[in-house]
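Okay, here's what each chain looks like letter by letter:
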Amino acid sequence: MLKNFLTVFSATAIAVFPVFAQDSTHEEQKEQDKITISTIAPQLSSMYNNRLVSVKYKFKPGKTGYKPNSPGFFCRICGKIHKLNTDKLIQENNSFFIPGIALDDKTVISRNLLIPEDNIAKISIVTADGKNIPANITAFYPGENAVAVVAESSIDDNLKPVEFKDANENDQLFTMFAGIEQGKRIAGITPFSTAAAVKVGGKMEYMIPVPPLSMIVNSDGQPVGITIDSDIEVDSLEKWRHDPAAWESISIQQYRDNISKIASELHDNTVPVRIKLTPLPKTTSANNLWADRKDDEIKTFALILNSGELFVPEMMSIADSNRIQEFWINYNGNTIKAEYVGSLKKYGAIIIKPEEPLQTKGIQFNLQNPELIEEQLLYTVITHPMDNRMEFQIMPSRKDGTVSRDDMIYPTFFPEEEQELVFSADGKICFAALNLREKNNPGKYFNIAANKLVPQLNQFNPDYAPKKDQILAIGWLGVQYQSMDEELAYSQGISHLTENGEKGLIVTAIMPGSPAEKAGIEPGDVLISIIPDSNPTPIELTSNDFYTYNFGFPWEYYDQIPENYYDEIPMPWPDYNDKLNNILSAYGIGSGYTLNYIRNAENCSAQMTVEAAPESFFNTPRMVSNALGITIANLTSEVRHYLKMADNDPGVVIARVKSGSKAAVAGMKPYEIITKVDDTPVFSIKQMNELCQGKSHLKFEIKRLNISRIVSVKTDENVSFKNL
Amino acid sequence: MKLRFLAILLATAAAGCATTDNPTRIENDFRAIVKEANSKVFPAVVYIHAIAANTESGTDKANAVRGSGVIISPDGEVLTNFHVADKASSIRCLLNNAEAYDAEIIGFDKDIDLALLQLKIPEDNPPLPYAEFTDKPVQEGDFVMAMGAPWGLNRSVSLGIISCATRYLPESSEYSLWYQTDAAISPGNSGGPLVNTEGRVVGINTLGADKLGFAIPAPTIKDILPRLREYGKANWAWLGLELQPLNDFDQNIYFDFDSGVIVSDTQQDSPAQKAGFQPYDRIVSVNGQPVTIKNSEDMPELRRKLGMMPFDQEINFDVIRDNENITITVTPQPKGRVEGNELILERWGFTAKTINRFENPFLFFYSPNGIFIYGIDSSGNAAYSGLQNGDIIMEINHKPVKSLDELKAVYDDAVENINRKSNALFMIQRNGSIYYVALDFSRDTNKK
Chain A
1 MLKNFLTVFS ATAIAVFPVF AQDSTHEEQK EQDKITISTI APQLSSMYNN RLVSVKYKFK
61 PGKTGYKPNS PGFFCRICGK IHKLNTDKLI QENNSFFIPG IALDDKTVIS RNLLIPEDNI
121 AKISIVTADG KNIPANITAF YPGENAVAVV AESSIDDNLK PVEFKDANEN DQLFTMFAGI
181 EQGKRIAGIT PFSTAAAVKV GGKMEYMIPV PPLSMIVNSD GQPVGITIDS DIEVDSLEKW
241 RHDPAAWESI SIQQYRDNIS KIASELHDNT VPVRIKLTPL PKTTSANNLW ADRKDDEIKT
301 FALILNSGEL FVPEMMSIAD SNRIQEFWIN YNGNTIKAEY VGSLKKYGAI IIKPEEPLQT
361 KGIQFNLQNP ELIEEQLLYT VITHPMDNRM EFQIMPSRKD GTVSRDDMIY PTFFPEEEQE
421 LVFSADGKIC FAALNLREKN NPGKYFNIAA NKLVPQLNQF NPDYAPKKDQ ILAIGWLGVQ
481 YQSMDEELAY SQGISHLTEN GEKGLIVTAI MPGSPAEKAG IEPGDVLISI IPDSNPTPIE
541 LTSNDFYTYN FGFPWEYYDQ IPENYYDEIP MPWPDYNDKL NNILSAYGIG SGYTLNYIRN
601 AENCSAQMTV EAAPESFFNT PRMVSNALGI TIANLTSEVR HYLKMADNDP GVVIARVKSG
661 SKAAVAGMKP YEIITKVDDT PVFSIKQMNE LCQGKSHLKF EIKRLNISRI VSVKTDENVS
721 FKNL
Chain B
725 MKLRFLAILL ATAAAGCATT DNPTRIENDF RAIVKEANSK VFPAVVYIHA IAANTESGTD
785 KANAVRGSGV IISPDGEVLT NFHVADKASS IRCLLNNAEA YDAEIIGFDK DIDLALLQLK
845 IPEDNPPLPY AEFTDKPVQE GDFVMAMGAP WGLNRSVSLG IISCATRYLP ESSEYSLWYQ
905 TDAAISPGNS GGPLVNTEGR VVGINTLGAD KLGFAIPAPT IKDILPRLRE YGKANWAWLG
965 LELQPLNDFD QNIYFDFDSG VIVSDTQQDS PAQKAGFQPY DRIVSVNGQP VTIKNSEDMP
1025 ELRRKLGMMP FDQEINFDVI RDNENITITV TPQPKGRVEG NELILERWGF TAKTINRFEN
1085 PFLFFYSPNG IFIYGIDSSG NAAYSGLQNG DIIMEINHKP VKSLDELKAV YDDAVENINR
1145 KSNALFMIQR NGSIYYVALD FSRDTNKK
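Chains as they are written, first to last, in my numbering: chain A, 1 to 724; chain B, 725 to 1172.
If we strip away everything but chain B, and leave its shape as in the complex, we get (with noise of 0.2 Å):
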């Protein structure tokens, strides 16, 4: 309350208004506020440096990877961001006090791009400061601080509010809502705390342009941090149901329900597949919960519930179809890996990976067991050749290659046997269509 109380007043104060009789007091008071929010938190902001391998660039030339961390118990397990810890082959920490260490990953998840670190730190040093998360509701207007190291520049804070305290993004998770603020969040900033006037992390910051910075909320935080200490990993139950809400303002579709949520499809071979479950039947309870997802905001929070299902035991869906009451009966499975293995071909010029059906739908559409490029080195071989991401390998001089251990089998034989013959027909698959390309590799991209 002392907060809203002061953040009104300060507002008057700020339009210039001088009828408040003392505000340089209620000035210092915020200001005495915010440090000691601060100082809180604070201490256990580090800066994070990872060498990362960069396989988008078709080449294993690796990056240097600038970004934040929060430290969230004494004895140095860390927050970042997946993004700032992915294919790290060191990381390496800065601590406030200036103390560095180096750090493992623990555990992470792509989806919500939340990886648990643990920080290398001699078995007799003394608790690290760590910082708390809130256990109260976040609402907009919330005053929040950023802290991380923007552009590298650690130790900053920079101030704001929560702007939107339910922002779905669609592309960026299906399990979590973001919070949207205005507190400047910059690249280096990823993975820092987002922290409130009582000195608690209320989210961890992702993504950010201009005033729009968006932070993992501490609720989905919380939910998942549990299962990356345990497995590693979020450990996602795969049930295979593609759900619709009820209304969707964009595209004017508003289905005639209170209650509920519509099942728009089921993916192959799913366990919901596998238990009947049909499009447009009607979910309106789980386990004897009603469920209703009004609008797409709703989703991520159901997705994550359904998501953090155990294996072993049966999901109990009352479901309405065609005006009938049913109740279809789910066992999730593990989702299992939702990536990909990627496998470099410097001569060549590219990456390959194999398709995996969560992050490739489309590829998995046109060839579940396969490999494409996923990386191409701009200055390479196989972009002089008209290679290019998304390509769908087929056949390398009329040999079918369905698995990275056969391409590097055709790679290895290609690149020793250099001197005899210097290019390579790939048959590919482009969106669909099926293309040849000559790959020339006689240049050697590494000579300069």
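Next comes chain A alone, as it looks inside the complex (with noise of 0.2 Å):
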């Protein structure tokens, strides 16, 4: 019988059922008192046709613009997930058909598709003979996600209200289903059994695949049940075996109540928060900067919590986070200052106190346990922070599964993108998605329940604090380094101990000064995992996280490099924000931890401390002048060690030249040296400013590793250099 279930019969015309096909299994038929679909669909399908409807939906964008997915339904008819974009359909004007199910001559009983009703534009039921009836959602079904659709006129005055029978296990049943497909309506009908159970997952739980939004029906014909979902649990019979009228339901009216309800819950207690940025140094390098952030201030909202704090859900860097100077709120129309009280332990999210109390009780939380309110219609909140006020995207929802991190099981809404609060219909939070602070894995978010949450409010976790008096320091090994591979490990017979070159990176140059240096790290050892003090979970040193590109500079073929091209030009000195000292500056300036590395094919480590990494190109400050068209930087160690230069000759580096400028028509390049000012050297940008200050004919002397020349430019305006 199994076998049998995917017998799919199908028409092409708006039409009653058509001639059913031959029943595939009609010679393996042994058992003569089992009815065959054969022979009870004719009488079936001219009992249920008419009752396998579907309901029509036209969408517009919401107040906002706002025009959201849903996920559809599955068909059982082509066989494929039909998803819902209400911006294509806008678009192209098109209508989205999903079946129903008449119970009587006005009431269909559909799936949800957890679309706002802000979106939905017009509703229809359309009749198995074409017929469009105007038709509205009265009421939600949460635990089945269906919808209640009532037509606004008969549907046909021949339907009698279904009266369900309940099935007995022996029962041989049919499920019926219709759809429009392509504008076409096609039904089918399929046998169906309790013993086509399938296992799911690793929980005992059984379910049995089912055509959704089908009518069930026993072999006398008469109504045992609905589907809405593509299976249906088998201790849980029951789901299909009643009355929908004895579905928990929520009326529209409710529906309404519960999101006006949430809406005035959002405006009275979340306000728009500016967190101000320390600003970061312009830089000429294309690299990543440890910090996240580029910007020097973040727009995001807060929730206003019954202590009078303030619950900001954003995810910051520790180095993002070193960098924060001040929060700024809007409450009513008043910009009003808060200040820093600590970032939460195992989620991205601070906690800030206003300097002036706000007049609100506090948003609520629904402590309950989570598993009995994930099942309910749930409502998910998206937020827009404005200048002065909050938006709001108020959109049912409901879980759609789980997914588990640590030992944990999270689980997971529709609609899920920017997804950030999820209320339950008491106007209570009952989920916030956060991220969890992993260094490993930034910028995944879990949906983390309330009753979880509310006691995690006052853990805080200091490396996450502002930290004012230490602002951008980049920590440091002093090492340069070189991506471990297969080849390079055999050859220096320590395969075995680099997991055949998939670990560790060769070091290549120590710096002067450094934190290496100073532990005898040399040129050629390995440097294989970082253990920070505070985590004994090692940081692996990979060849993959850290591979190396052997570029080299193309100072050979510098003169042939077109000027658009110049910014994107690498620096050719090592670069001190690289991912190695990311990491540590990561773990925070004083932090120690332990270096593990190979020398002489023996595994050894070292006890260091994270150290700030003396000023370098990356961070030193720039000075620009748009009469010439170049940013300037002063020598900083490394830049002087690469071009072998003593601490005292003199010089600037051409950090940027921009193309199409007098400093570029004159050939000037990026990250050549200005050595001489008219006759004068320059030993800082200050300097520089001094002497170039006010004129409009100027003589350099360029130097490119070794070679100098002359460079004489006359500007339009008079040169003058502005701090960047």
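Where hints are given, some of them may not hold.
Mimicking DSS-like on lysine-lysine, the simulated pairs with C-alpha atoms at most 27 Å apart in a straight line are [unchecked claim]:
#1 A:Lys644 - B:Lys1126
#2 A:Lys399 - A:Lys67
#3 A:Lys261 - A:Lys67
#4 A:Lys80 - A:Lys184
#5 B:Lys1123 - A:Lys644
#6 B:Lys1018 - A:Lys714
#7 A:Lys714 - A:Lys686
#8 B:Lys1123 - B:Lys1145
#9 A:Lys299 - A:Lys261
#10 A:Lys699 - B:Lys1018
#11 A:Lys353 - A:Lys337
#12 A:Lys467 - A:Lys444
#13 A:Lys518 - B:Lys1123
#14 A:Lys695 - B:Lys1018
#15 A:Lys106 - A:Lys56
#16 A:Lys294 - A:Lys579
#17 A:Lys644 - B:Lys1059
#18 A:Lys699 - B:Lys998
#19 A:Lys669 - B:Lys1018
#20 A:Lys699 - A:Lys669
#21 B:Lys834 - B:Lys957
#22 A:Lys644 - B:Lys998
These are computed hints drawn from the structure, not numbers from a lab.
Quick caveat: nothing in here was measured; it's all calculated off a predicted structure.
Hints in hand, dock the two standalone chains.
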């Protein structure tokens, strides 16, 4: 019988059930007492065809222009999932069809598409004979993920209210379904048995796959239930066995009330927040900064807690947290400063306290067991912080799965884009999407249940605090390195210590005065892992994660590089802002760690402390002259080291040359050194500014590695340099 | 004058104007002139076939190089390009009368790309036909013929004009300008003469692409030829001055002076540096003779003049520094080698070369005494391991390697013990950064 499951019949026109095709299992049919589809189908089709209708949706953009997506439904007829993209449908002026089952001459049960009312322009019922009858959603069935759609006039006067019978264990059952596929009505019937149950996942749960949105009837032609989803849990047969009238429902009015309650809670208890950060230095480096946030301001929002403090669900790295300078909130049009209180230990969120108390009782949390809440109709809120107010998108929401992380299981919800808060019907927050503080996996959000979150609102991690006195310190080890590969490991006889070259960074140079030099690290040593004192989990220095490109710098061909590529030339000297140093920076200056390395094919280790790197080209101040079109920086130690310049040799680095500028025409190029201005040796960008100030005809001595030339530039306006 | 007259008329005829009474006569006249010129030089053109080591490929596989040359003396001196005779293990010359002789290199200069060969002719051989250089200045528009063996097709002549008589190609020579011509010059023409309508050599064809051919001008050759005969090389004097012209249109740089030349830099440890030259000094005269370098085209002549100064004699420079006249006296040094030695390591698949300050100024900056990878066998072990041209060899198996001798010792040892260990760990410097490369040479690339 199971093999019969996929027997589907279809027709090509809007009509009653078609002439049914042959039963493919006819020959196997041994048991005479069983009723075959081919014998019962004509009878069933005449009984139920008119009850199998479609619900037709037209969508429109929401008030804020929002055009949501929906998971749609699995279509039994074409075997595909019909996802719903309102943006596309609106653009193409198309309708969306989803099957429904008429319980009487007006009421149709269909699946909840989880689209906000705001986005629904029009709903109608399409009958089996193709009539369109305007309709409205009147109720939701959260447990079944169903909706009741009621037609404004009768679909078919002959449709009497369905009376569902109980199904017996041994009944032979059939599912009947119909839908509209590319404008044509198609219908089908399949046998269905509890013996078709399949085991799901690792749990002892059995599911029977069924055609979704179908009517289930027994062999006597009596209705025993309807399906909404594409499977039925075996131990909960009552879900489809009984009259939908018995399902727990929420009326459309209740639903609207819930949404306005949530909206009013949000209105009273959220504020826009601006987090001001220490600006990052401008850099010509193409590499990423160790800080993740490039801007110096974050626009976000906060929930007002009943303690009077504010909860800012914003994930910031340690480095970025250290850059925090000020918090500003906007409450009822007034800008109020707020103080940092703490950053949550486990999650990416900050608690702040406004300098003036806010006149509200605070947002409420739903502290029920999350498993009880998950099956309800929930409301996902997407926040849009504006300058002096908040805007929200409140959308019906439903749990659609789980993810596990660190022995915790977190639910996932639909919709999941930009999802920030999940509310229950009572206007309380039941889940908040927060970022787990995991060093190696930033940027991943999980839905934390309110009852887990609230007890942690006063557990802080001091590493994520602002550090006003210690801004933008990059930690460094002071090595240049190259990622290991199979051949390099083999040639040194350390394949077994480096997982065949997949682990390890070969030290190629040691910077003078660096922690690595003090610890006695030498070129040729192979760094294997870092274990921070605060966390026993080592960071493996794998070739993949720390892959290095061995390009060198194209000095030989430097004159052939066109101007418009100047900004893309990576700097020739070592960048202190490399991945290894970024990891150390994130631990924080002064924190201890163990460095494991290989020397002479033996494992060694060194106890280290994160030290601040000296000022380097990457973060040294810069000045820019628009008249010339160049940005200049002081010579830092690593640049002098690379260029073999003594500490007292004059020079400033050309950090950037604007293409098309006077300097670019004169052949000045990034990473060349200006050693003299009008015959005067120049030692700093400040002095350079003084020497150039107010002049429009300048003569520079420019040095590229070891070769100098004189460049004379006439500018249209007087030259002056401004701080960047 | 006759030639010019003809040229104008020819242009008219070619434009299809039938106003000339007797076009045939004029064409015949020009043909006669070309023929006459051709007959003077053509017998002196030789077709050169050289076998040269190709170290750039990292193997000692030899290449056959085909080029041209011109006999310039009755006893068999042949001028050709340096790049035709470079690294040749044998040179054979085919004369226009179908006689063939071997030749040896008498002298050469890489910068100007000139080589002087001597044909190995029997002592009782009658004097050979030879070509003479022109004494007259060459101007744009002059008719010229390129003779030689384009693509190995010897005894070929092509006709064109001088497109530019003072072409400066900074990448191609620091001591010489070039004659640019639209006479077709193809590979194989290298070393052949560029001849005027009087049947005199105006230059040696050297570079060419499409309608852009470049020849070494006769004045340059006449300057350098006696030195090639005497020293076997140009024997340039080295001062170590880096000079800049007063005007540079491309970079929009104009110094507000009417005379002199700007010193932009002095080379490290050079006579000019020791004598006290400083950047932005302006040289106004050399040994009392005024000097003015307005544009970069004027530069090669001055460099050549300075390069040909005797080594043992002081040169007096009148210099203006900070509006004051000073005199700087420099005694030049021999420039010495302008190219490093080479060593082919076949099993490893590369050619190593010593770093030369003139040839590899940037490598010299990184490592003044060192060796670098000059040529890579594209299918060899070094290429497979990721070594690249221009990599400076610092260490092999953690031992410093600074010279070709040391490299040879390490290599020989490695190849001898290949059954025990068939890889080597190279520490190299690539454009200023240190890298490690493991060279696996277990594969014998000579075995197919």
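How the hints compare with the structure:
Of the pairs offered as hints, the one joining lysine 644 of chain A and lysine 1126 of chain B holds, with about 19 Å between alpha carbons and a cut-off of 27 Å not exceeded. Distance check on the hinted pair: lysine 399 of chain A and lysine 67 of chain A sit about 20 Å apart at the alpha-carbon level, within 27 Å; holds. Using a Cα cut-off of 27 Å, the hinted pair lysine 261 of chain A and lysine 67 of chain A holds, with the two alpha carbons roughly 23 Å apart. Distance hint between lysine 80 of chain A and lysine 184 of chain A is fulfilled; the C-alpha atoms sit about 16 Å from each other, no more than 27 Å.
For the given pair, lysine 1123 of chain B sits about 23 Å from lysine 644 of chain A by alpha-carbon distance, which is consistent with the 27 Å threshold. Proximity of lysine 1018 of chain B to lysine 714 of chain A is assessed by CA-CA distance (about 18 Å); at most 27 Å being required, the pair is judged to hold. At roughly 21 Å between alpha-carbon atoms, lysine 714 of chain A and lysine 686 of chain A fall within 27 Å of each other, so this suggested pair holds. Distance restraint check for lysine 1123 of chain B and lysine 1145 of chain B: the Cα-Cα separation of roughly 16 Å lies within the 27 Å cut-off, and the hinted pair is therefore satisfied.
In summary, the hint linking lysine 299 of chain A to lysine 261 of chain A is supported, as the alpha carbons are separated by about 26 Å, within the 27 Å threshold. Our distance criterion of 27 Å between C-alpha atoms is met by lysine 699 of chain A and lysine 1018 of chain B, whose separation comes to about 18 Å. Using a Cα cut-off of 27 Å, the hinted pair lysine 353 of chain A and lysine 337 of chain A holds, with the two alpha carbons roughly 9 Å apart. Of the pairs offered as hints, the one joining lysine 467 of chain A and lysine 444 of chain A holds, with about 25 Å between alpha carbons and a cut-off of 27 Å not exceeded.
Using a Cα cut-off of 27 Å, the hinted pair lysine 518 of chain A and lysine 1123 of chain B holds, with the two alpha carbons roughly 24 Å apart. A hinted pair counts as satisfied when its Cα atoms are at most 27 Å apart, and lysine 695 of chain A with lysine 1018 of chain B qualifies at roughly 25 Å. For the hint pairing lysine 106 of chain A with lysine 56 of chain A, the CA-to-CA distance comes to about 15 Å; that is within 27 Å, so the pair holds. A hinted pair counts as satisfied when its Cα atoms are at most 27 Å apart, and lysine 294 of chain A with lysine 579 of chain A qualifies at roughly 17 Å.
For a cut-off of 27 Å, the pair hint linking lysine 644 of chain A to lysine 1059 of chain B stands: about 25 Å separates their Cα positions. For the hint linking lysine 699 of chain A to lysine 998 of chain B, the alpha-carbon distance of about 25 Å falls within 27 Å, and the restraint holds. About 24 Å separates the Cα atoms of lysine 669 of chain A and lysine 1018 of chain B, which keeps this hinted pair within 27 Å; it holds. Note on lysine 699 of chain A and lysine 669 of chain A: the hinted pairing holds, with a Cα-Cα distance of about 15 Å set against a maximum of 27 Å.
A hinted pair counts as satisfied when its Cα atoms are at most 27 Å apart, and lysine 834 of chain B with lysine 957 of chain B qualifies at roughly 9 Å. Taking the CA atoms of lysine 644 of chain A and lysine 998 of chain B, the gap is near 20 Å; set against the 27 Å cutoff, the hint holds.
Every hint from the earlier list agrees with this structure, and none is contradicted.
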